[in-house]
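Build the full structure now, drawing on both the sequences and the hints.
Protein sequences, first through last, are from chains A and B. The opening residue of the first sequence carries number 0 in numbering that gives the first Met the number 0; numbering runs sequentially from there. The opening residue of the second sequence carries number 0 in numbering that gives the first Met the number 0; numbering runs sequentially from there.
Errors might be hidden in some of the hints.
If several chains are the same, the list does not tell them apart, and a pair holds so long as it fits within one copy or across any two.
[To be verified] DSS-like, lysine-lysine: derived pairs with alpha carbons at most 25 Å apart:
(1) Lys1 x Lys148
(2) Lys76 x Lys186
(3) Lys129 x Lys186
(4) Lys215 x Lys230
(5) Lys129 x Lys76
(6) Lys76 x Lys230
Hints in this document: simulated from the structure, not taken from any laboratory.
Protein chains: 2
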Amino acid sequence: MKRIEIIGVEGMGEVRTGDCVGELICAACARQGIELTDEDVLVVAQKIVSKAEGRIVSLKDIRPSERARELGRELDKDPALVEVILGESQRIVRKGGRALIVETHHGFISANAGVDCSNVGMGQAALLPKDADASARTIRAEIRQRNGKAPAVIISDSFGRPWRVGTVDVAVGIAGMKSIKDERGTKDGYGYELRAAVTAIADEIAAAAELVMGKKDGVPVVIVRGCQTEKKEEGSVKELLRPAAEDLFR
Amino acid sequence: MKRIEIIGVEGMGEVRTGDCVGELICAACARQGIELTDEDVLVVAQKIVSKAEGRIVSLKDIRPSERARELGRELDKDPALVEVILGESQRIVRKGGRALIVETHHGFISANAGVDCSNVGMGQAALLPKDADASARTIRAEIRQRNGKAPAVIISDSFGRPWRVGTVDVAVGIAGMKSIKDERGTKDGYGYELRAAVTAIADEIAAAAELVMGKKDGVPVVIVRGCQTEKKEEGSVKELLRPAAEDLFR
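Next up, the structure:
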């Protein structure tokens, strides 16, 4: 019977700048009686990674540029927040209503460059990790060092989508697994050759994990167990970024 | 401990026009020793629903219009397939490369209007159900009639996304649950009022289910157990469609 389990890791406590996320995860798993395996996928909310890496800013310390003030007026957003968003962005993709959709320096296209004021403290904003693949590799190495097991690691964040209401979680950083499952060129049960069968498996795992994480349930780490992923030491979220030349919505 | 299980329902066999999907699901669950509950969410692949509803066409029977032939040449696509796609579409949103992104009569924006030639037999194409909310309600009623339990039902399909590589499964029809989790106006642990906290929970459940379904594993039905969903008799996938006036990518 094909079965996947999604298990919340609880009692992580408040994560602070300089904390070792891998160590916190190992300790919380031990308290919960969970033994991590090489086959698990560990999904870690971006927010705690950003906290550990000090990617938190106090909006009162930000001096907004003229451009940020203008955009703030236009979009009814705090100009300090806009300044932070612009600092994380290569370019604005769309703006309108209260939405500011940008391309981040990492190449993600997302609302507000992933900058987010929830679950970080009043007047604070969390930025995405500078290199969330590296963050994921670090967490994976920290875990391997402590218990000899190296689950794949996905750093996740909630992204909005065009056309559809609401966010779904996606991967923003990956270590130890292939992000996509590519079945192009293989045949279905009728002999038909699959042409478009590329599945964003890391994004589906991130979405699945959010069902346990929630937005305010204090479960920033989730184990996805039983999922058929392909190991890949040099796995990267870059596999999930569609090249601009092949994209119809830039 | 927060835990969700995703369980594949196996041995559904080949679904044919006129088959009662709810009955097939009950029979397969019984053989597998699974007792469905009111709290389960049943995710059903669109493909078997389309087969049961006869939403399958033979491409050799299609006479492509001049417009379909032109588009077929431009996009290097079978003109008969293009004709079928146009028949399912309100309008073309983008075209380029080999991609044809349309708005379907249901209001979905998707590649090829969800028309798909895999897993249906050579020379055949499956269309999305005409009203997949109704399909989901029917399956739910069939199950309730047989075993007195009424799990929520999501009909799922694999959709591509702008900006990111690969498909993720999303809901195209829903019965018995609320599609979104709206936490706007509530406060996080720091007292910060959440502003954008609308989660497309039905889409996350569909994505999670795909991890067990796969594209060619013969597991078209999946039970998601332990997920905190909100019951809603009149639930509909329409809750997930962003109004055009609020969308920046039409």
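Status of the hints after comparison with the structure:
1. Lys1 x Lys148: both (23 Å within a copy, 23 Å between copies)
2. Lys76 x Lys186: between (50 Å within a copy, 19 Å between copies)
3. Lys129 x Lys186: neither (40 Å within a copy, 28 Å between copies)
4. Lys215 x Lys230: between (31 Å within a copy, 20 Å between copies)
5. Lys129 x Lys76: Within one copy only: 24 Å inside, 41 Å across.
6. Lys76 x Lys230: This pair counts as neither: shortest intra-copy Cα distance 42 Å, inter-copy 35 Å.
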